Amino acid sequence: MIQLLKIEWLKVRAYRTFWILTGLFLLAVPLLTWAFESILNSTNEMVARFLNAFTFPKVWDTTAWIGSLATPVIGIMLIIFLTNENNFRTVRQNIIDGWSRNQYINAKFGVLISGSLFITLVIAVTALVFGLKNGGGDVTDGSIFIWYTFTQSLAYLSMAFFLGVFMKRAGIAIGIYIMYVYVGEFAIAGLLDFKVKYHLGGFLPLECTDRLVPGMFDRLRDLMRKGGPGPSKTEYTLIAWAYIALFTYFSWYKMKKVDL
Amino acid sequence: METKQILSLHQVSKHYGSIRALNGVSFHVPEGSVFGVLGPNGSGKTTLLGIIMDVLKANAGTYSWFGLPPHHDQRKRIGSLLETPNFYHYYSAVRNLEISAAIKGRGADDIERVLRLAGLWERKDSKFSTFSLGMKQRLAIAGALLGRPEVLLLDEPTNGLDPAGIAEIRELIRNLGSEGTTVIMASHLLDEVEKVCTHVAILKKGDLVASGHVDEVLANEDMIELSASNLERLEHVLNAMPGLKSLRRHNGSIQVIFGDGQTAEQLNRSCFEQGITLSYLAVKRKSLEARFIELTN
Chain A
1 MIQLLKIEWL KVRAYRTFWI LTGLFLLAVP LLTWAFESIL NSTNEMVARF LNAFTFPKVW
61 DTTAWIGSLA TPVIGIMLII FLTNENNFRT VRQNIIDGWS RNQYINAKFG VLISGSLFIT
121 LVIAVTALVF GLKNGGGDVT DGSIFIWYTF TQSLAYLSMA FFLGVFMKRA GIAIGIYIMY
181 VYVGEFAIAG LLDFKVKYHL GGFLPLECTD RLVPGMFDRL RDLMRKGGPG PSKTEYTLIA
241 WAYIALFTYF SWYKMKKVDL
Chain Y
1001 METKQILSLH QVSKHYGSIR ALNGVSFHVP EGSVFGVLGP NGSGKTTLLG IIMDVLKANA
1061 GTYSWFGLPP HHDQRKRIGS LLETPNFYHY YSAVRNLEIS AAIKGRGADD IERVLRLAGL
1121 WERKDSKFST FSLGMKQRLA IAGALLGRPE VLLLDEPTNG LDPAGIAEIR ELIRNLGSEG
1181 TTVIMASHLL DEVEKVCTHV AILKKGDLVA SGHVDEVLAN EDMIELSASN LERLEHVLNA
1241 MPGLKSLRRH NGSIQVIFGD GQTAEQLNRS CFEQGITLSY LAVKRKSLEA RFIELTN
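Line by line, the protein sequences are chains A and Y.
Numbering of the first sequence is given in the numbering used here, commencing with residue 1 and proceeding in unit increments.
Numbering of the second sequence is given in the numbering used here, commencing with residue 1001 and proceeding in unit increments.
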């Protein structure tokens, strides 16, 4: 796997798009967190203190939620990597040069997991810095959110992976991804929750992870008030991993069988 | 002495929906040969090469490389250029070849040699996206040569090259062939195959119509061209001869093909005995083109 990842690294280490999108994410997470903190502090000090959004343990949840707003940037990057390989037909060349299809697929899964680890690391460090700055309880309190963040980023990226494998055109894949991530699922979940059954929206592939990391988003609180507690964190995690397994399985199957 | 087979195909078939691209194709490529896969556009050449490189999946049949069942590591011993040059557009020639070398696990120290050989050393740091069609093709050839592979698999290698480039590549293929590299080359350019190949397989709409040594595929099909002052009388005499397969007039002479291996000497004697003195007599090996058209029509 290390050997495969080294080759994937060769493919991106001088690719401008890679550095720009990675840099964008790296900047976006602390900047967004800082902005939210500033807004909260300036509106009403009493409310801010009451929410304790930026002190341990709540800072883990808050930062994870804020960071997840930028996670699709890495998803877009993954879509670009995968559609590039198809459009440049370099996937064909990789196989011709002597990779097995499984090696190609594993290399890409390696990129997917590396992306999730990177997202998790950036968010965790940001949470730690803001938490330490503002004090509060014990640092390890609430650090389970590192795991939730990893699960969430893996869900977001495996959906991007799926689109990158099944769509030929980067533009269309990215368009669908952005629409679904920011608008589509929000709307579908809202309709399912309030028109069909309370908490049903939590069974959607990304919404289940958004409910693992609710942050300052109040729809979940609203739902819990009206429809009871709903699924537990463990249940949401299991739903997320089921989707991750599905997305990666279908992607693997397609790459294994397709004529290149 | 038994010749080692580098590649063997056994009843390979492939269809795209209702279109049959390959119908039970079988042949062998002996070690050290320059093997031409010949056929008109759409005859299945590229499909065939795609299958043996595992980028396309056959619907039926098997193949083996180096006498062994297919395995991805075998491809590391084969330098290939399939259809189009496939490279990362945002990378330079050198970076692209570094990736190929890393996957092959060989040839990282060979990049300068192959780029010089392909005439691209001056442009080694230019992005692939800035290359002309001919330069892209040259880079693909450089990539195929990387690490001195035992087998070269080239699909239309002279595509997009200028006449000097075409001549260079032919020379290169001939040299590699004489050094013992097995070369498998697909082409619709007969003249290209005729000039460099020792063996040939001819495909027509997915069917293999002939394969073997160039001389065997073209065996016993020598064409004799002859002329006399009275062409009508000559034609009349020739038409009456046993074993005549075909006769046609061509630029003031007559071209004949005999099915029974009639030699020029015998033919000359027969004509003379019938009172015709030939003014011109020549034996022409039937060109691959004529054979090709005959086979594929």
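Certain hints may be false.
When the alpha-carbon atoms are kept at most 27 Å apart in a straight line, the in silico DSSO-like pairs for lysine-lysine are as follows [as the list claims (entries may be wrong)]:
(1) K1076(Y) to K254(A)
(2) K1205(Y) to K257(A)
(3) K168(A) to K1136(Y)
(4) K1284(Y) to K256(A)
(5) K1205(Y) to K6(A)
(6) K6(A) to K1204(Y)
(7) K1057(Y) to K254(A)
(8) K1127(Y) to K168(A)
Calculated from the structure, these hints are not laboratory results.
Bear in mind the structure is a predicted one, so any value in this text is a computation, not a measurement.
Quick rundown of the hints versus the structure:
With a CA separation close to 24 Å, the supplied pair K1076(Y) and K254(A) stays within the 27 Å bound. Taking the CA atoms of K1205(Y) and K257(A), the gap is near 25 Å; set against the 27 Å cutoff, the hint holds. The suggested pairing of K168(A) with K1136(Y) holds, with an alpha-carbon distance near 23 Å, which does not exceed 27 Å. Of the supplied pair hints, the one linking K1284(Y) and K256(A) is violated, its CA atoms being roughly 51 Å apart against a limit of 27 Å.
At roughly 43 Å between alpha-carbon atoms, K1205(Y) and K6(A) are farther apart than 27 Å, so this suggested pair is violated. Among the hinted pairs, K6(A) with K1204(Y) is inconsistent with the structure: their alpha-carbon atoms are about 44 Å apart, more than 27 Å. Pair hint K1057(Y) plus K254(A) holds up; C-alpha atoms about 13 Å apart against a cutoff of 27 Å. For the proposed pair K1127(Y) and K168(A), the alpha carbon gap of about 23 Å is at most 27 Å, so the pair holds.
Hint violations for this structure: numbers 4, 5 and 6, all remaining hints satisfied.
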